[in-house]
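In the order they appear, the protein sequences are chains A and B. Under our numbering, the first sequence is numbered contiguously, ending at residue 333. Under our numbering, the second sequence is numbered contiguously, ending at residue 319.
Worth flagging that the hints you see were computed from the coordinates, not collected in a lab. Note that the structure is a prediction, hence the values are computed from the model and not measured. Take every hint as true, because none was put in to throw you off.
Below, simulated EDC-like cross-link-like pairs (lysine to aspartate or glutamate); rule was C-alpha separation at most 20 Å, straight line:
(1) A:304 to A:72
(2) B:105 to A:142
(3) B:105 to A:150
(4) B:226 to B:216
(5) A:183 to B:29
(6) A:183 to B:54
(7) B:317 to B:216
To be clear about the criterion: a stretch of chain B counts as covered by chain A if any three or more of its residues have a C-beta under 8 Å from a C-beta of chain A, and this derived list gives those stretches:
(8) 49–62
(9) 103–116
Quick list of the computed label-pair ranges, beta carbon to beta carbon:
(10) A:304 to B:302: 53 to 59 Å
(11) B:29 to A:153: 27 to 33 Å
(12) B:77 to A:153: 17 to 23 Å
(13) B:24 to A:304: 55 to 61 Å
(14) A:304 to B:29: 50 to 56 Å
(15) B:274 to A:279: 58 to 64 Å
(16) A:49 to B:161: 49 to 55 Å
Positions of the beta carbon are idealized from the N, C-alpha and C atoms, including for glycine.
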Amino acid sequence: MSNDTLAGPDVAELEDLARRARINIIKSIAHADGGHLGGPLSAIDMLIALYFSVLDIRPEEPRWPDRDRFVLSKGHSSIALYTTLAMRGFFPVEELSTFDSIDSRLQGHPDMTLTPGVDMSSGSLGLGFSGGLGIALGARAAGKAFTTYIMLGDGECNEGSVWEGAHAASRYGLDNVVAIIDHNKLQQFGWHGDTVAERLPSYTGSQLADRWAAFDWKVLEMDGHDMTDILETVTTAKAHRGGPVAIIAHTVKGKGVSFMEGNYKWHARVPNAEEFAIAMAELGEPGYGQGGAA
Amino acid sequence: MTLPQGKALRVAWGEAVTELGKTDPRIVVLDGDLGSSTRADIFEAAHPDRFFQMGIAEQNMLGVAAGMATVGFVPFVSTFACFAVARALDSIRVLIAQPKLPVKIAGSYAGLLAGMTGKTHLMFDDVAIMRAMANMVTVCPADEVETTQAVKAIVDYEGPVYLRLTRPSSPILFDDTYRFELGKAVTVRQGGDVTVFSTGIHTTRVFEAAEALAADGIEIKLVHVPTIKPLDEEAVVEAARETGFVITAEEHTIIGGLGGAIAETLSDKYPVPVKRTGLADVFGESGPNDDLLEKYGISVAKITESIKSIVKAR
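Chain B extracted, bound-state conformation:
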C-alpha cells in the first residue's frame, strides 16, 4: 500500500511550534542561521519577538538556550542535527542535559536525506549520541501527524529533549485518531512471522514494504518506536515474546540507535535473536534522495529484500 504524501517533518515542526506559541508565551525559538531551511522562519513570522537569531555559532546558541530556560522559557533550538549534536555536544551535555533544563533540541535534516550536502551534513549517528546521554529524551516521529503531537508533548515534558526532524516531504502514516504518548511504542501492523521495530520516517517505508512481503507470504508485526529514550521496554518485550524473533529498522547507523536500544533491552529482559538493519558504519555522500536510499540500502525495495532474506534465513 502506498501511503498518501504529506509534509516534511521540519514543516510540521515549524507549524506546530508556531501554533503552540500562540497560547504558550514560554516558547521561544533560537536559530543558527538556517531558519529558512529548518522552517523556524514560520515561527519568526508569527512571533518575531520570541525568535532569536544566534548566528552561525552553535556552541553559544545551545548555552544561551540553557540560560533562557533558567528564567522560565521553553526554548526550541533549531539547526541541522549535525551542528546541534556534533558541533555543540559539550554545551548540550554540560548546560542542558546534566542540569536537566527544559531545552528542546530540534535537530533538522537528520538521517541520510539532507539535500545535496554530503558527509558533513548527513548525521545518522545522532540518536546513538543523544540517547547515551543521561537525562536526554530522544524522539523520532514518523510523519506530520505524529510530529505535531510530539511537539506538544515535549513542551509539556519538563526536561531536555532531542527531537529528530527530517528534510524531505514524507508519507502520512497516522490519521486524526492517533494519539502520541511520550515513551510509548505503537503497533501499526499485525503479523505473526516476525516483529519489526522501526522509528522516524523510516517506519513509513517499512509499512510500505510490509505489503510486498505479505504478497510473498511473510506477515510482519510492525511496531513504531517514536520515543527511543525512554524506550517502551514493556512493548518491546511483549512483541519479542509474541514472535520470538525481531528485526530493527532505522535511517540511522545500526550502531547504538533504535537497534542498539532494542538489542540491549532484549538481551537483558527477554533474549531472542535480534537482527539490526539500517545504515552501515560509514559516512554518507551527496546525491539525489532516491539514489542515496538505494545505494545505502534503505529504500522500500531494499527493505523488502532485506527482511525477506532475514526471515528466509531463519
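Only chain A is shown next, with the shape it has when bound in the complex:
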C-alpha cells in the first residue's frame, strides 16, 4: 500500500495544489483556445484530494493491476483530470499545453488507450459510470481489494443508463465502488424558468440525493470545495460495507474565479486576455497583480 508509507500532503498543501491546478487548467484552455472550464473548476478540489491523498496508485506504473481506479464519467472535464495526473507525476506538466491539439495524448475527452493514468474512456455521458461499475464487479469476481471511484456530473444524471447502472450496482451490493456526483447545479444550457434568460438546474434541493437513495445507494453529502470535508466523506464512503455509496458533492461551477462562479456561460468558454489576467491574479499567479479583480 504505497500511500501508507508516504506522508500525504496536509489540508493546506492540498489546497495549494488545487490552486495551482486551477491555474494550469485555465492556462491550458486559453492555450488550446477551446475546451470546458466550469466543470473542471467545480471538480478539481476533489480530484486533487483523490489523487494526492486517497487513491492507492503508482504514477510510475500506471497499469499496476492492484491500483485503485478512477473514472471521470463527466469526461468533458478531462482537463481537470489531465492536470491532476500531470501534477501527480503520470506525465510532464508541460504536456498540458498539447491539450486538444492534433496528435496529443490529451484528447478532448479521456482516452484510456492514450493517456497514462486514465482507467476508462469516457465522453458520452452516462457510459463511463457503467464502465466503472464493470471494473468494480470484475474486481470483486477476481478477488481484488481495490476501490473504484467514479465521478459523474449532476446533468449527466439525466442519462437513463446512469439509473440502469445504479439499479444493477445495488442489486449486486457492490461495496467497492464510490460514485461522486459533482452537483454544481448548472448544465451546458439548462432548463428555462419563467423566462428563457433564467436557466434552471435538473435537480434542486434534495432531489439528487433522494434519487440515489431510492436506488438503494448509501448517500453522503459534502462540500466539494472543502478539503477536510472531502477527505472525511470519501474515507467514510470507502469504509462502507453492504452496498454502493453515492456522494453528493455540493460545488460551484467555475469555482475559484469570481466572474466564472455560478455562470452557465462559462461551461465551455475561453477567457479573453483581460479575463485571463484577472483569473490569474485571483488565483495568485505571480506577474498578474495581487488577488482580487483588477
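With chain A fixed as given, assemble chain B onto it according to the hints.
Relative to chain A, chain B alone:
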C-alpha cells in the same frame, strides 16, 4: 441435397462458451434477462459465479462488460442482436470498439427468424452497423460446427467481436474435419458459371439451392464468408477472377452487409459485375419461419429462382 438438421447456433454458442469456461477462468457471461432464449442459461448452470444477470438494461450491460474486460476478463455479452446493436450502440462504440477491449457481443435471434416477434426484434441491419465500426470484428457462422470453433477463435482474439447468432435449429454444413479460421473464407462448392458469396446460416440454404441449380445446368461456386470483417479480400478477388461475375446472398439487408463488403472490395481491387441478394430495404413482421422466408424471398426455392434468373439474364 438436403443437409442433416443440427442445433440452433444459439445452442451451439451456449454449449461452446460453457465448455471453454471450464478451462478458461477469464470467460464471463452477461445476460440481459434473455438467458433462457439466448441459451446463456447453459453457462449459468455450469458457472453460476461467472454469470452476471444485468437485467433489462442493455446500455449499462455493454458498459459493465467493458469495465470487466479492463481487469482481465473476457466477457461475452448475450442478448438479442437488436438490443445489443441498436439499443446499446453508443456503449459499444465508446467503451468497447474505440478502446479495443476484448468484449464479445453475442447477438442472438439475428436476421429474419426471431420467433413470432416482428419488426422490433427482427434485426437484419446488424452486420452493416457493426462492420462499419472501427476495430469491430464481425463473425457470422453457418452451423453448429463452425459456431463452436468460432467461439474458441474469438476468445483467442484480443479485441472486440460481434458474433451473429440465430434462433431456429439449422442444417449442418461442415464435418469434423472443418477448421474455422478468423478472417478466412472457405469454398464449400466448386462451379464455373458464377461465384456466390454467402454468410451465416444462409449459406446452408444456398448450398441446398445449388443442387437444384445444377439440375438446371447452372454450376455455382459457393464461397462461405464467416468473417465479414476483416474480409478475406484475397479469396474474394480470386473467386471473382475465376468466374468474372459474382452474386452475394445473405439473411440481411442488401445494404451494407456481406453484399456491401464484397461490392466495395471488388470495385476497388477487381471490378466485375456484382449482384446482391438478400433482404430488401424494409422492416420485418411477425409470422411463421417458412412464411417469412418465402415472403421475404430467402427460402431455398426463392434463392434458386433468384440465382437462376440472374444467371440467365447475363
